[in-house]
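Guided by the hints, dock chain B onto chain A, whose structure is given.
Those sequence lines, one after another, are chains A and B.
In terms of the working numbering, the first sequence is residues 1 to 430.
In terms of the working numbering, the second sequence is residues 1 to 430.
Hints were generated in silico from the structure; no laboratory data involved.
It is possible that part of the hints are untrue.
Copies of the same chain are indistinguishable here, so a pair counts whether it falls within one copy or spans any two.
[Said to hold, decoys possible] The list that follows gives simulated cross-link-like pairs (lysine to aspartate or glutamate, EDC-like), each with its CA atoms no further than 20 Å apart:
(1) K403 x E326
(2) K403 x E338
(3) K174 x E326
(4) K424 x E362
(5) K404 x D419
(6) K424 x E338
(7) K221 x E209
(8) K181 x E52
(9) K221 x E21
(10) K404 x E354
(11) K424 x E10
(12) K221 x E430
(13) K403 x D419
(14) K404 x E414
(15) K403 x E354
(16) K221 x E362
Just so you know, these numbers come straight off a predicted model, no measurement behind them.
The lines below spell out each chain.
2 protein chains.
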Amino acid sequence: MYLDIGNVLETSPGITEETLERLDERVEIAHERIAAGMEAEEHGYAALSLPETVDTEEIRAAVEPFGTPEAVLTVGIGGSALGAATISAALSDQTDVEAHFLDNVDPEDTAALLESLPLEETVVNVVSRSGTTAETLANFLVVRQAMEDAGVDWTEQAFVTTGEEGNLRNLADKHDLPSLKVPDGVPGRFSALSTVGLACGALQGLDIESVVAGAASEKAKLSGSLQNSPGYAYGAVCYSLAERGALTNAMMPYAESLEYFAEWFAQLWAESLGKEGLGQTPARALGATDQHSQLQLYRAGPRDKLVTLVRPREREDIDIPETDLEGLSYLGGAGLGELLDAEFEATEASLAVEGIPNIRIELDRIDAHGIGELLYGMEAATVMYGELAGVSTFTQPAVEWGKKAARGLLGGGEFAEADAVADKLEFTIE
Amino acid sequence: MYLDIGNVLETSPGITEETLERLDERVEIAHERIAAGMEAEEHGYAALSLPETVDTEEIRAAVEPFGTPEAVLTVGIGGSALGAATISAALSDQTDVEAHFLDNVDPEDTAALLESLPLEETVVNVVSRSGTTAETLANFLVVRQAMEDAGVDWTEQAFVTTGEEGNLRNLADKHDLPSLKVPDGVPGRFSALSTVGLACGALQGLDIESVVAGAASEKAKLSGSLQNSPGYAYGAVCYSLAERGALTNAMMPYAESLEYFAEWFAQLWAESLGKEGLGQTPARALGATDQHSQLQLYRAGPRDKLVTLVRPREREDIDIPETDLEGLSYLGGAGLGELLDAEFEATEASLAVEGIPNIRIELDRIDAHGIGELLYGMEAATVMYGELAGVSTFTQPAVEWGKKAARGLLGGGEFAEADAVADKLEFTIE
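Bound conformation, chain A alone (with noise of 0.2 Å):
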């Protein structure tokens, strides 16, 4: 992973290299945290260790006896779905074994994608640490009925990532499912490098081996200085640039397979950072598509956002034929990657020559170690940013109100906070 912090260094809000010599005697001290955290298998800086204490072997034999299905299912919401999902995306060229997620509990869209599954030929991995994230498992429930109904036998098709105990655990157990434990200490949003994020790929027969070294060579960056760690260089720049106004970042690949990664990096950072009134709004863009849609806003609106253009140094072209259309004879000869790469650097210029912030992120390739190298740097990246911050970076309170409240309004015991939804302040216009 390559990161070029060139385009922050004029801009508004900008740093300076002044600012970046400041910030890397900060960085010294919280790699000193980050390392005694790892070292101590912490609850979070465990994360930071996968590439080391991760099992490929364990995970590729865990899912041997389904051999290679037609399509696997994922079942899981969040932090269960996303690291699985950014790899899967990212190598779907590299497989013709389709990946599936039900991350939400969206009927039509369940309904939908249950009649076009091929249910007898399908893996269903069911991925819930508790094992009782009321959407999973409702989810879970309504999966396994669609396949009694098909008359296939669910229990010979089922795949279960949680932990030691509970629901899950136990119907693995009691239908003697393949299953892989969640590690200790690695909170969801952090997990795609370990069993939750790699079981999916090694059903599908990726190179899963490759992601985690991916991820070790970007571990073996993490030292006391961001001039060495890509990672941490761009944790420790996104967080100054919040500091002066940059409370947006838009994340901004040139890659379509790279679109779920975008959803992923956005968990990771709200959830980790968006505390204490601190934090920078993820917001997902794609390239060269969303130059028809947000660019007007990046560089002409509110000066508090910075944009981070994601893109692989090689990638597969397809040449765009000679043409006679008129005022287009200039793509004759070039290729798509071409184009969308031309168009990357116009708008990274674009924004430099407005004073808007960009930070230019790069891999070799889009394949199995370029996409471990990416989701690692990010996390550490974002592991740093809490650091400096002084948030905590590895837990979620705000979001346990509302579970309460969902819970008690679907009558699973009483809770003061699904009172409150009744007492709902209304003014309807219609």
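Quick look at chain B alone, frame taken from chain A:
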């Protein structure tokens, strides 16, 4: 379309009922300006007259030669694709004709799409007002070549929506392709309810007449008071909240089929209002999924946000099977949709109790009429916001720089912008 702004009245940022009264005086003046613009068919304002001026019979007649294809491939970018994609996604349960969109120049994605499409049964719907949009024409050239390579006569399966002159118009004339005209005075991002947004739906056999009827019902509510028009009220309230610091608007539908709507809205909002240092950044989110991703930030992060929650009042549900899973018996007998609605209300309340402003938008159902209401309502909202903010709602001057730079980089002429790209400051960390 129903709007409920109760949850912006006791929040921070927030407004009071007195603010609304003062705002209403400005809405009256703005409405007069808008109505005059509509009457005179002024650029941009003309879009709000589309429910009356669009000719669905003409659209039906233009696509009639294609009968019922297996798939429709729309080649366009930005406003030339998003409106059609929004309608197709919302109504995907109403048709067996697949809709695909080539709205980026990603070679990997394009190759995968062309490989998966039944080319001999696919209608290609090329959309570009000017007929010179680089991405769209490059993609069209690639698609045409792929059809020729597959032995398919592309001239029998191409459909064009473009202006009165230019490359695509010439091509349509030369090969006698069925075509439609992009209406005058309607910017791309406001063209969902025109030939641009409706031809794809017509090719899919969708009820585009009801889409227009839904829009017309919302148009009928436009008047000199925000109390009568959900669209105007949404625009006016968002404007007021942005002035008070809500610089981000998280658009969060609770329906997978409205995910494209959030993307369409993001273009409409950002490109229309992101000007002269003003504008509200649209953040796309999806309920319930993003409760496990963005809600922590929305509740506990910087108080610069408004959250807009969208849902249908009715939807087909799927029963969650009864279960003896520990602690989950309350789910049995409920529906997935009930769970989703409980989460909607819980999230709304969880924001309100923290004082985070949020707005509820509801439709009776996500059907053709409903999506028409929603699209028109949001367009009216955008125009109202633009009037109140005093910006040039219908232009996008900040995107020209990058277009010239990209063209120059590809050898399409001499542009100073392309030279500026070479001056990039570099500061690389590997």
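Which hint numbers does the structure go against, in order from smallest to largest? As far as the earlier hints go, not one is violated by this structure.
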